[in-house]
Amino acid sequence: MSTSRRDFIKILATLPLASSSFASDGHSEKNGDLASNGTSYSVLMDSTLCVGCRKCEWACNDKNHLPNKDISTFEDTSVFAFRRRPEVDKFTVVNKIQSLKEQQTIKIQCMHCLHPACASACIVGALKKQECGAVTYDADKCIGCRYCMVACPFQIPAYEYKNVLTPKVQKCSFCVDKLEKGEKPACVEMCPNEAMTFGTRAELIEVANSRMHQHPEKYFHHIYGEYEAGGTSWLYLSQIDLRGSEFPQLSSDPIPKLTETIQHGIFKNFVPPLALFTLLGVAMHSLKDKDRD
Amino acid sequence: MKARPLNIPFFTPGVWIVFSLALIGASAYLYRMFFGLAEATNLTNSYPWGIWIAIDVASGVALAAGGFTSAALAEIFHREKYHVILRPALLTAMLGYTFVVIGLLADLGRYYNVWHPMIPTMWQGNSVLFEVGLCVMAYLNVLYSEFAPIVVDRFKGKVTFKNEYLRQKTEGLLTFLDKFFRKILWVLIIAGVVLSCLHQSSLGTLMLIAPTKIHPLWYTPISPLLFWLSAVAVGYPMVIFESLLASKSFGIKPETHVLSSLAKIIPFTVGFYFAAKVIDITIREAWPFVGEGSLQSYMFIFEMALFAIPLILLTQEKIRQSVRGLFISSALVVSGVVINRINVFLIAYHPPYTEEIYLPSIYEIAVTVGLICALVLVYRFLTINLPIVTIEDGE
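Quick note, the sequences are listed as chains A and B, same order. Sequential numbering from 993 applies to the first sequence in our numbering. Sequential numbering from -11 applies to the second sequence in our numbering.
It is worth saying that the hints were derived from the structure and are not from the lab. Some hints here could point you the wrong way.
Claimed, not checked - Below, a sample of chain B positions facing chain A; criterion: calculated Cβ distance under 7 Å: (1) G24; (2) I90; (3) L161; (4) I197.
Said to hold, decoys possible - Taking lysine-lysine pairs in the DSS-like style, the calculated list, with each CA pair at most 25 Å apart, reads: (5) K1088/A / K201/B; (6) K201/B / K1082/A; (7) K1170/A / K1210/A; (8) K69/B / K1280/A.
Ideal placement from N, C-alpha and C gives every residue a C-beta, glycine not left out.
Produce the entire structure from the sequences given, and follow the hints as far as they go.
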C-alpha cells in the first residue's frame, strides 16, 4: 500500500506544477540543515539504562512550574499499568514498554523533529524550530486552532481545554532557556542512571552506533529518530524495535513534505493564481462580445 | 423580470421552530464562551478537531460553492438565463461564509487572536491553514462587495429622509456607490472565482499533514483536486436545493425551467468527481480497504453512493423536469459532500495512541444546528427586505 502511494506521489511530481515546487521546497531543507549541522543539541535516550525511577518527571514538573508532588511519590510504579501520554500538566512521562514482560521503561516527550509538522502547520508561526534544536511555542501568537495537534505524528501537543480565556498548547520545550546556554535539559540533568546522553546530534548518533556494536545482544539494531519523519532531535536506543510499538512507524520523509510541496506548487511566485485570473478575465470579455451577436 | 423584496410575513409556525433552535444554539454558543471548550465540547488531546471544524467550517465552505460556480456560469461564461439564480446563490455564499467564521470563532481557543494571520510578522507560508484563512477572509470581503450593489439597488431613488439636504446627500452617495461597484464588479467576480478555487482545494490539503493518522481511503495526494472537484460538483445542486426549499417556504412558483437546465450540467460535474475518486482508489490500490468491513469502509461506500445515485438520476430527462426529482437528487449530492467532509476530517482521523472515539457533545450539536437555523432566518429576513428573488411577471 505505502509503495503504491509513493508511486502515486511520484506520478504527481511529474506534473509541471508539482515538480517545479519540489525544486523550490527550500524551507524545510534549510530548517533541516540548521538542525543537523552539528551545532544543534540532541538527547539520546537509552531505554536499556532506564530504571523507571521517574525522577525526570519530577524534574520536568519542577523546572516548568507544573503541579508537582514530593519526589518520593514518583517511586510509585502502579502508573506503569497504563500507557500514559504527556498532558497539559506533565510534559514528559515514563512508560513501561508494553511488549516486554519484565519491567523495562522508556521516557516520552516531544521529539523535537528536524522538520516539525506542528511548525509547518501553525497558521501564525507560533511553533518554531530553534537553532539550538528546540521546537518552541509562543502563546501570544497562538489563535488556538489546534492544527499542530492534528499534524503531530507523535501525538504530543496537549491543549488546555479547561482554560476558558487563555488556553495554551503545552508540550516539552527542551528546556530551551537552558539549551541556549549550552546546559542540559532538567530531565537529563536529573537522571541518576545516565539513561539520557546530551550532546550534538552527530556525536550522539556515533555514541548510539558504537553502543550497538559493542553490545549487539543488548540492543535492537535501530536508532529511532535518526531518520524517522526526516529525523528528530531526540534519539532512542532500545532492546526492542520501537517502530510500531512504543512509537509510530514513520518513513524518512519529513511529515510536512507533501503539504508544503502542494502549497508551494499552487502559489509558485503567485503565477498560477494570476494566470487563472487572467484566463477568466479573457474568457469573460471575449465571450461577452459573442453574446451580443 | 426583476428581483424584488418578497411580500410575505417573516414569522410562520415553521419559522418559529427554526427560531427556537437558533436560540438554543445561541445559548450553547454562549455556554462555550463562558465556560470554555472543556465544558462545552468532547474534544481531547487525541481528537483536537470535532464537528465544528468538519461541519460548520469544512462543509459550510463547500456548500457555499454555489456562489462562485453560478457566478462563473452566468457572469464569466455569460449564460444569461442563469442570472435569476445569481442573487440567491450570492446570498447563500455570503451568509455561508459569515457563519463559517462565527462557527470557527467558537472552536478557536483564542478567538480574539483570529486577526493574527493578517499581520505580516506572523505570516507562515508553509501552513495550509494560513492560505485557507487568508483566502476565506479575502473572499468574504469580495462577497460583501458583490452584495453591496443589491443593498444600493434597494434604496437608490427611494430614500425617504424628511431633511431634504440629507436625502440628496444620501442619494448622491448611493449613485456613486452604484457606479463604483458596477465598475469594479468584473474584478470582484473573477477574484471570487480564483479565491474560491484556491481555498476549496486547500481545504483538501489540510489533513495531508497527518499521513499516519488518516485512513488510506482518504489519504491521497490528489485530495486538494478532489475537494475542488466536489466543491464544483455541489455548487449547482446546492443552488437547486436551496431554490426549491425557498420557493416552497415563500409560497412562490419554483423556476423549474432554469433549474432543470442547470441540472443538465450536474451529471458532468458529479461524474468528473466520481471518476476522479474511482481512478484515485484504483491507482493507489486502495480497493481492499473498501471491503475491510470497518466503520471507515462503510462510510466510504455511503459517501460514494450519495454521489452515484444522483449521478444516474439526473441523466434522466424526466427526473430533471420534475420538482421532486430535482429536489431529491440535489439533496443527495449536498449530503454526499457533507458526508465526505465529515469522513475526511473525523471518520478518517485515527490518532495512534488512543482507544477512545470522539462523539460530539450536546453543546457542539446545538451550536451546529443553531448556526444553520440562524443562517436560514437571516436568509429569509434579507429576501423579504432586499431584491434577491426574481418572481415571474403576472403572478
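We went through each hint and held it up to the structure:
Taken as an interface hint, G24/B checks out: its beta carbon lies about 4 Å from the nearest beta carbon of chain A, inside 7 Å. Here the hint on I90/B is broken, as its CB sits about 15 Å from the closest CB of chain A, past 7 Å. A hinted interface residue such as L161/B counts as satisfied when its beta carbon comes closer than 7 Å to some beta carbon of chain A; here the least separation is about 29 Å, so the hint is violated. For I197/B, the interface hint holds, the least distance from its beta-carbon to any beta-carbon of chain A being 4 Å, beneath 7 Å.
Of the pairs offered as hints, the one joining K1088/A and K201/B holds, with about 24 Å between alpha carbons and a cut-off of 25 Å not exceeded. Proximity of K201/B to K1082/A is assessed by CA-CA distance (about 24 Å); at most 25 Å being required, the pair is judged to hold. Taken as a hint, the K1170/A and K1210/A pair is broken in the structure, with Cα atoms around 32 Å apart against an allowance of 25 Å. The suggested pairing of K69/B with K1280/A holds, with an alpha-carbon distance near 14 Å, which does not exceed 25 Å.
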